[in-house]
Amino acid sequence: MSRLAVIDTETTWGDDVMSIGIAIADPDDFRLIDKRYYILTPFKNHGGMYTCALYVKGIIPDLEGSRLKVINDIIYFLAEHEVSDIFAYNAVFDFRHLPELRYLRWYDIMKLAAYRQYNRKIPTDAECCGTGKLKRGYGVESIYRMLSGDAGYCELHNALTDALDELEIMRLLGIRLESYNAAAVSV
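In this note's numbering, the protein residues as written are 50 to 236.
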């Protein structure tokens, strides 16, 4: 059975990927099926805005190793779950940082979550462009708070917890997968 993957990356000050989180979900109800967390060496030691979140809440990576070793494991992991579709919030960022996974179809969660046409929780008084897109406040943290009603939610900036939160955004949006065709990332 084919499943979907939600991916998040965190990068160093030098723009190298230092961690990758993946949530595998059922495409019908967005239920979490499996997850993996990777830390890339030596990049984890290069420093970045969210280096302090690499091991937040005692999260231990499933694999800590070279980029080649990590990417090979990810490719195997995705194939094991028959994943052909990857979702990410601001997917262009992750797509650019993971060229080895461009053989899969990529979709941007933000391209639906930030639009009035798809996100029924956007307040009627929110300032939007003529296209229906929020003019501001459409990052993961703002959208998660909006959809969940949890005003105290704070994004941890750990690749695994962020991937899980982005999957929850998809679940809370309640949009059928076919609608994400409008949010496809092109090469």
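In case anyone wonders, no lab produced these hints; they're calculated from the structure.
Keep in mind that this is a model prediction, so the values were computed, not measured.
Cβ atoms here follow ideal geometry from the backbone N, Cα and C, with glycine treated the same way.
Accuracy of the hints is not assured; some may be wrong.
Label pairs and their computed distance ranges (CB to CB) [unchecked claim]: (1) L205 - R225: 40 to 48 Å; (2) D65 - G223: 15 to 23 Å; (3) G179 - D83: 35 to 43 Å; (4) R220 - G96: 28 to 36 Å; (5) S228 - E113: 23 to 31 Å.
Exercise. So which of those numbered hints doesn't the model satisfy?
Worked result: Of the numbered hints, 1, 2 and 5 do not hold.
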